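My request is simple: use the sequences and hints to build the entire structure.
Just so you know, the sequences run in chain order A and B.
Counting in my numbering, the first sequence runs without a single skipped number right up to 113 at its last residue.
Counting in my numbering, the second sequence runs without a single skipped number right up to 227 at its last residue.
A couple of the hints might just be wrong.
A partial selection of chain A residues facing chain B, derived with a Cβ cut-off under 10 Å [what the hints assert, rightly or not]: (1) A93; (2) S96; (3) Q105.
Derived pair list, reagent style BS3-like, types lysine-lysine, alpha-carbon separation capped at 30 Å [to be verified]: (4) A:K56 / A:K112; (5) B:K122 / A:K36; (6) B:K170 / A:K36; (7) A:K67 / A:K36; (8) A:K67 / B:K170; (9) A:K68 / A:K56; (10) A:K70 / A:K56; (11) A:K68 / A:K36; (12) A:K70 / B:K170; (13) A:K67 / A:K56; (14) A:K36 / A:K112; (15) A:K36 / A:K56.
It is worth saying that the hints were derived from the structure and are not from the lab.
Computed from a predicted structure; not experimentally measured.
Yeah, the Cβ is synthetic: ideal placement off N, Cα and C, and Gly gets one too.
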Amino acid sequence: GEDVEQSLFLSVREGDSSVINCTYTDSSSTYLYWYKQEPGAGLQLLTYIFSNMDMKQDQRLTVLLNKKDKHLSLRIADTQTGDSAIYFCAESAGSSNTGKLIFGQGTTLQVKP
Amino acid sequence: DSGVTQTPKHLITATGQRVTLRCSPRSGDLSVYWYQQSLDQGLQFLIQYYNGEERAKGNILERFSAQQFPDLHSELNLSSLELGDSALYFCASSVQGALSDTQYFGPGTRLTVL
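Structure, rendered in structure tokens:
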């Protein structure tokens, strides 16, 4: 079935790189997303990658996809205190004309000054 | 700001009551989705509409219903509320509702059932 797993907590120092990991189970072609949720706020789309890609870079964000292991990671370079939030990995699932997202449990990123 | 609006922001009600949550999609988006975020279940897909028609159903209880109106806004109706229905309810929208679409989320409605 469809399942997305994430580690629950990551703590880093300001200026370091953060790497948040995610595994998914859907074996078909899919789209994978990273969303950010700050306290009391909604879900902000950060970036996404198609399952036929290996890597995508967007400013401080780098997404790496290992299709063989069904492993996705989000690297945040030069992490800032403003990056403290919960990060959700999500996989699109369904047929070509439906687009429900399956979310991981979320990884809480704590950035220490 | 994603362009998706949800009202109300907060809702406090009692068990057994019925509430309606409202969502307006981004301009030009034809599809809306509803998700529930709770501490024990995480973020779960409830239902998807495309241009007024139901397109996909997830873990939505029979006490819950939704619809999408001709102006494309959507409402999620929750009835016979239980304590366990307390959660953050998100609406998202996308252009065509396809697998490849990116979904943009609203700020959510926080429902507290006392």
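Which hints, by number, does the structure contradict? Checked against the structure, no hint fails, so every one of them is satisfied.
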